[in-house]
Amino acid sequence: MSMPGRVAAIVWKDLLIEIRTKASFHSMLAFSALVLFVFSFAIGPDTPLLQRIAAGLLWVAIVFTGLLSLSRTYQSEEAAGGLEGLRMSPGDPRAIYLGKLAGNVLLLLGLEVVLFPAAAVLFQIELWPHALPLAGIAVLGTLAFSISGTFYAALTLHLRAREIMLPLLLIPALVPPLLGAVNATQLVLDGNPFGEADLWVRLLIAYDVVFFVACTWLFPLAVEE
Amino acid sequence: MLVGANGAGKTTLLRIIATLLRPSSGEGTVDGLSIKDDGDLIRARTAYVSARGFVYDDLTAAENLRFAARLAGESASDGHVTELLTTVGLAHVADQTVRTFSTGMRRRLALAGLRLRPLGLALIDEPYAALDDEGITLVDRLVEDLVTDGTTVILASHQSGEATRRATSTMRLDDGLLVDTALSATEAS
Chain E
1 MSMPGRVAAI VWKDLLIEIR TKASFHSMLA FSALVLFVFS FAIGPDTPLL
51 QRIAAGLLWV AIVFTGLLSL SRTYQSEEAA GGLEGLRMSP GDPRAIYLGK
101 LAGNVLLLLG LEVVLFPAAA VLFQIELWPH ALPLAGIAVL GTLAFSISGT
151 FYAALTLHLR AREIMLPLLL IPALVPPLLG AVNATQLVLD GNPFGEADLW
201 VRLLIAYDVV FFVACTWLFP LAVEE
Chain P
1 MLVGANGAGK TTLLRIIATL LRPSSGEGTV DGLSIKDDGD LIRARTAYVS
51 ARGFVYDDLT AAENLRFAAR LAGESASDGH VTELLTTVGL AHVADQTVRT
101 FSTGMRRRLA LAGLRLRPLG LALIDEPYAA LDDEGITLVD RLVEDLVTDG
151 TTVILASHQS GEATRRATST MRLDDGLLVD TALSATEAS
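Chains E and P are the protein sequences, given in the same order. 1 is the number of the first residue of the first sequence in the working numbering; add one for each residue after it. 1 is the number of the first residue of the second sequence in the working numbering; add one for each residue after it.
Please keep in mind that the hints were generated in silico from the structure rather than gathered at the bench. Just so it is clear, CB atoms sit at the ideal spot from N, CA and C, and this is done for glycine as well. It cannot be assumed that every hint is accurate.
[Stated by the list, open to error] Derived Cβ-Cβ restraints for the label pairs, each shown as a range:
{"no.": "1", "chain 1": "E", "residue 1": "192", "chain 2": "P", "residue 2": "37", "range": "37 to 45 angstroms"}
{"no.": "2", "chain 1": "P", "residue 1": "158", "chain 2": "E", "residue 2": "56", "range": "25 to 33 angstroms"}
{"no.": "3", "chain 1": "E", "residue 1": "190", "chain 2": "P", "residue 2": "80", "range": "14 to 22 angstroms"}
{"no.": "4", "chain 1": "P", "residue 1": "40", "chain 2": "E", "residue 2": "23", "range": "42 to 50 angstroms"}
{"no.": "5", "chain 1": "E", "residue 1": "106", "chain 2": "P", "residue 2": "137", "range": "43 to 51 angstroms"}
{"no.": "6", "chain 1": "P", "residue 1": "102", "chain 2": "E", "residue 2": "131", "range": "45 to 53 angstroms"}
{"no.": "7", "chain 1": "P", "residue 1": "104", "chain 2": "E", "residue 2": "124", "range": "55 to 63 angstroms"}
[Claimed, not checked] Computed far set for chain P versus chain E, every beta-carbon distance over 12 angstroms:
{"no.": "8", "residue": "3"}
{"no.": "9", "residue": "18"}
{"no.": "10", "residue": "19"}
{"no.": "11", "residue": "40"}
{"no.": "12", "residue": "42"}
{"no.": "13", "residue": "83"}
{"no.": "14", "residue": "86"}
{"no.": "15", "residue": "99"}
{"no.": "16", "residue": "148"}
{"no.": "17", "residue": "152"}
{"no.": "18", "residue": "169"}
[What the hints assert, rightly or not] Short derived list, chain P residues pointing at chain E, Cβ under 7 angstroms:
{"no.": "19", "residue": "37"}
{"no.": "20", "residue": "41"}
{"no.": "21", "residue": "50"}
{"no.": "22", "residue": "101"}
{"no.": "23", "residue": "128"}
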């Protein structure tokens, strides 16, 4: 079967399991809502301050929640006897990475569809006039997080202290795209007065391309025993 | 047939042959292909069923087989899936999630996956584990069908079944070393 067919099979399987168990989405939703509420209440009714830091709070919630999702990326495989079942299938093992990556992206984007409007209500920011650029930044930021995250989740799969190692390895690698996503989001929310958001968007695109190629290429080595 | 006590290295050897585990030293070939360099080519004609099996608790029996077929590049029609499930005595629970299955039923389902595509080599770890008499008979029939189709089957087990008795050759492992190789009576005759 072609690579896209195998990728689609893995995405179908993971989404079907997620729809049945709702294990990841519900806990992600609850956790991200909690993060936003806690920040919102901690800062208090200072609306201008909330609006100034809204993008940062939003992306912190996305990254924290995403980490929760990443640790579960290969969980269904472990319950089924490890990654071996997928690795034994004929064809390029990179299909496993691409399938898991697509699943993570879909799950996080699904969460963001709820999270962005929730943040708009809590922080009293106007999303609608900037919906299109914000959607683009959300997709690029989510891709950046998922590309690295799915790779590092595989890399730490066989480690005893993987729950600790995954964020330790991943968060430093996420600094550039996180800076890009936060700054681009904030600038767009502020009306992008100086057109600076473009620079951060370019950083996100460059990160996505470079890390996508590198992680896809290295994935077979990451899961080799 | 690969025999040996627990911890003798049967599973490790099967995983190395399946190219899931890279040997720390030495070299090996499967049908002339290097287990170190030709993993993709070997896996294209090889299946490995571990002692735990590769089945997903939250998919139904039929969905598990369909997923395995799609992953292997085969199209599994409803009729073919039903036929496979009938072979292992699970047709009546085709639409039940595997979570409700006993260990033996999970084992049967994992073994049914061996009939999804043409194979050159089938590696089966502890095929008789957790199976009742009917299950053991089903495994023996499955192995017989695979051999009839020209598939080389390597079983690793410390339990006996008809397949054990019919094995072309038996290898005994002890602490990671091959200590004995014997041709079966059938082959010798």
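These are the hints, each one checked on the structure:
1. The given range of 37 to 45 angstroms is broken by residue 192/E and residue 37/P, whose C-beta atoms sit roughly 52 angstroms from each other.
2. Here the CB-CB span from residue 158/P to residue 56/E is close to 59 angstroms, at odds with the stated 25 to 33 angstroms.
3. Range check, residue 190/E to residue 80/P: Cβ separation about 59 angstroms, and the 14 to 22 angstroms hint is violated.
4. At about 33 angstroms, the beta-carbon gap between residue 40/P and residue 23/E misses the expected band of 42 to 50 angstroms.
5. The beta-carbon spacing between residue 106/E and residue 137/P, approximately 44 angstroms, falls within the hinted interval of 43 to 51 angstroms.
6. For the pair residue 102/P and residue 131/E, the beta carbons lie near 52 angstroms from each other, so the given range of 45 to 53 angstroms is met.
7. Evaluation of the 55 to 63 angstroms hint for residue 104/P and residue 124/E yields a pass: the beta carbon distance comes to about 60 angstroms.
8. For residue 3/P, the shortest C-beta to C-beta distance to chain E comes to about 22 angstroms, beyond the 12 angstroms cut-off, and the non-interface label holds.
9. For residue 18/P, the shortest C-beta to C-beta distance to chain E comes to about 6 angstroms, within the 12 angstroms cut-off, and the non-interface label is violated.
10. With a closest Cβ-Cβ approach of about 9 angstroms to chain E, residue 19/P is found to fall inside the 12 angstroms limit, against its non-interface label.
11. Not every Cβ of chain E is farther than 12 angstroms from the Cβ of residue 40/P; the closest lies at roughly 7 angstroms, contradicting the non-interface assignment.
12. The non-interface label for residue 42/P is inconsistent with chain E: the shortest C-beta to C-beta separation is roughly 9 angstroms, within 12 angstroms.
13. Every CB of chain E is more than 12 angstroms from the CB of residue 83/P (nearest about 21 angstroms), matching its label as outside the interface.
14. Residue 86/P, annotated as away from the interface, keeps every beta carbon of chain E farther than 12 angstroms; the closest lies near 23 angstroms.
15. Not every Cβ of chain E is farther than 12 angstroms from the Cβ of residue 99/P; the closest lies at roughly 10 angstroms, contradicting the non-interface assignment.
16. At the 12 angstroms boundary, the C-beta of residue 148/P stays outside the reach of chain E, the nearest C-beta of that chain being 22 angstroms off.
17. Distance to chain E confirms residue 152/P as a non-interface residue, since its nearest Cβ pair spans about 16 angstroms, more than 12 angstroms.
18. With a least beta-carbon separation of about 24 angstroms from chain E, residue 169/P lies farther than 12 angstroms from that chain, consistent with its non-interface assignment.
19. Here the hint on residue 37/P is broken, as its CB sits about 13 angstroms from the closest CB of chain E, past 7 angstroms.
20. The criterion of a C-beta within 7 angstroms of any C-beta in chain E is not met by residue 41/P, whose closest approach is roughly 9 angstroms, and the hint is violated.
21. For residue 50/P, the shortest C-beta to C-beta distance to chain E is roughly 5 angstroms, which falls under 7 angstroms, so the interface hint holds.
22. Proximity of residue 101/P to chain E is violated relative to the hint, the smallest CB-CB distance being about 13 angstroms (cut-off 7 angstroms).
23. With 7 angstroms as the threshold, the beta carbon of residue 128/P stays out of range of chain E, its nearest partner Cβ sitting at about 18 angstroms, so the hint is violated.
Hint check: violations occur at hints 1, 2, 3, 4, 9, 10, 11, 12, 15, 19, 20, 22 and 23; the rest are consistent with the structure.
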